[in-house]
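There are 2 protein chains.
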Amino acid sequence: MEKFSRNQRVATITKILIENPNKVINLNNFTDMFNAAKSTISEDLVVIKDILMKLSMGRVETISGAAGGVKYICGLSGEKIKEFAERLCIILKNRERIIPGNFLYMTDIMFNPQIIHTAGVILASAFNDKNVDYVVTVETKGIPLAYEVAKMLGVQLVVVRRETKVTEGSTLSINYVSGSTGRIQTMSLSKKAMNKGSKCIFIDDFMKAGGTAMGIIDLLKEFESELLGIGVLIDNVETPKKLVEDYVSIVDFKGIDEKGEALLFPSEMFK
Amino acid sequence: MEKFSRNQRVATITKILIENPNKVINLNNFTDMFNAAKSTISEDLVVIKDILMKLSMGRVETISGAAGGVKYICGLSGEKIKEFAERLCIILKNRERIIPGNFLYMTDIMFNPQIIHTAGVILASAFNDKNVDYVVTVETKGIPLAYEVAKMLGVQLVVVRRETKVTEGSTLSINYVSGSTGRIQTMSLSKKAMNKGSKCIFIDDFMKAGGTAMGIIDLLKEFESELLGIGVLIDNVETPKKLVEDYVSIVDFKGIDEKGEALLFPSEMFK
Numbered sequence: 001m002e003k004f005s006r007n008q009r010v011a012t013i014t015k016i017l018i019e020n021p022n023k024v025i026n027l028n029n030f031t032d033m034f035n036a037a038k039s040t041i042s043e044d045l046v047v048i049k050d051i052l053m054k055l056s057m058g059r060v061e062t063i064s065g066a067a068g069g070v071k072y073i074c075g076l077s078g079e080k081i082k083e084f085a086e087r088l089c090i091i092l093k094n095r096e097r098i099i100p101g102n103f104l105y106m107t108d109i110m111f112n113p114q115i116i117h118t119a120g121v122i123l124a125s126a127f128n129d130k131n132v133d134y135v136v137t138v139e140t141k142g143i144p145l146a147y148e149v150a151k152m153l154g155v156q157l158v159v160v161r162r163e164t165k166v167t168e169g170s171t172l173s174i175n176y177v178s179g180s181t182g183r184i185q186t187m188s189l190s191k192k193a194m195n196k197g198s199k200c201i202f203i204d205d206f207m208k209a210g211g212t213a214m215g216i217i218d219l220l221k222e223f224e225s226e227l228l229g230i231g232v233l234i235d236n237v238e239t240p241k242k243l244v245e246d247y248v249s250i251v252d253f254k255g256i257d258e259k260g261e262a263l264l265f266p267s268e269m270f271k
Numbered sequence: 001m002e003k004f005s006r007n008q009r010v011a012t013i014t015k016i017l018i019e020n021p022n023k024v025i026n027l028n029n030f031t032d033m034f035n036a037a038k039s040t041i042s043e044d045l046v047v048i049k050d051i052l053m054k055l056s057m058g059r060v061e062t063i064s065g066a067a068g069g070v071k072y073i074c075g076l077s078g079e080k081i082k083e084f085a086e087r088l089c090i091i092l093k094n095r096e097r098i099i100p101g102n103f104l105y106m107t108d109i110m111f112n113p114q115i116i117h118t119a120g121v122i123l124a125s126a127f128n129d130k131n132v133d134y135v136v137t138v139e140t141k142g143i144p145l146a147y148e149v150a151k152m153l154g155v156q157l158v159v160v161r162r163e164t165k166v167t168e169g170s171t172l173s174i175n176y177v178s179g180s181t182g183r184i185q186t187m188s189l190s191k192k193a194m195n196k197g198s199k200c201i202f203i204d205d206f207m208k209a210g211g212t213a214m215g216i217i218d219l220l221k222e223f224e225s226e227l228l229g230i231g232v233l234i235d236n237v238e239t240p241k242k243l244v245e246d247y248v249s250i251v252d253f254k255g256i257d258e259k260g261e262a263l264l265f266p267s268e269m270f271k
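Chains as they are written, first to last, in the numbering used here: chain D, 1 to 271; chain W, 1 to 271.
Any copy, or any two copies together, can satisfy a pair, since identical chains are not distinguished.
Simulated pairs of lysine to any residue, SDA-like, Cα-Cα distance not exceeding 25 angstroms:
#	residue 1	residue 2
1	165	237
2	192	84
3	71	87
4	192	92
5	192	260
It should be emphasised that the hints constitute simulated quantities derived from the structure, not laboratory data.
This is chain D alone, in the form it adopts within the complex:
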């Protein structure tokens, strides 16, 4: 049977780990794949573990026991996070992004895979130790970001809809009050979407007063489930948060000044 060099094994194992974040992979997968001893694979893993730690590119954890193995956990250095948040502020400050109603056009950002991948790694790393069961978002703009966070945490994404669809089967709907506009809105979720007694985090593109997050908390109660945390790409810090207190964000938005310039800063946690 074919033999592989250490370099070849290291490249392949790295690829498999990176593509399966937070999933425990049994070492037998690698010993079978490479026709190699467990001790050989363990040495390969030490190489990968050490260099990822050294370069702050996430980490590899060993889980012992019968169901054990190794898993890759995403991560980024504080310096890289700051760089990313600063670069994002520069992109968002472009005056052409200000649209009627003093909104910032940021749809292209939310649908840019390179930006959203990094933002997903940053937000996921705030919840790596929480044993999350689901990452929840509300359609539409936050879906790719929530998907990346779910992928990095190795869990299922759940997308709450604005209206019920025939393809969702029985659904549970709640009404909630938008914190900034005061309007009543509806959100609904298929009863098949979530097991009871689950631990969830809520990921969204933008946080204003927190009305949507409050709606999510109510909806999760209907599923006898719990919200463990909230992460958003951009926090509108101009609007006082009456409704939720505990959340993480990457960029703070302080409105648009008299010169027509958007005020954007890396969020407190990343300064």
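Since the structure of chain D is already known, use the hints to place chain W on it.
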């Protein structure tokens, strides 16, 4: 300055390539990062290139010239694709998925990062050589899949909305006829979402008569842009395709038989 071993460089370069599919990375990034000669990095790349090819895990391409470098292109062996399609059929055949109206509940599949990542690699590999500018989808269920395809092709995702939103600025809307129900529907897209003269592919969860795809073709015409191809996870082959002919799919759905069993098969291209 610190030196790195070949194993360390191979692990790091693999991670960077995998995380930036279809993006050309200049070798200077690696020579600077590792304080190593170009010839050394080239040898590292040969290791990665050879093992990915050997294991049918995608490929590494070298682009020569001043703007040159290397890029990772995703891919999967025909055998692995077939395995994936067969596994997906088994998951989808679960009787609990049949919901009133004889629909198949598949929302959890569309929001499962492990499944959608692999499906994204399979669909992206059908369009790797097309020089696509945008991957287009219609909200909501196909967004994670379209996002994965966009990420693998290294391009921007564009999400067409069912209704116009204030945060989108000026939008372009079109009406189209749903091929299966005959109802008139609307889709709209921000004028900022796409440059004129772009080449696009359309990715969606499910294809029935192809009415949505026809709508996308009309919408793209308004942006003076062109549809190069279509990819869906599941093709309803029961409904005759009057509207579009050329597309790729992973699984064929042939309806629900008299015993109440969903008829699902790997699509023709993967048999």
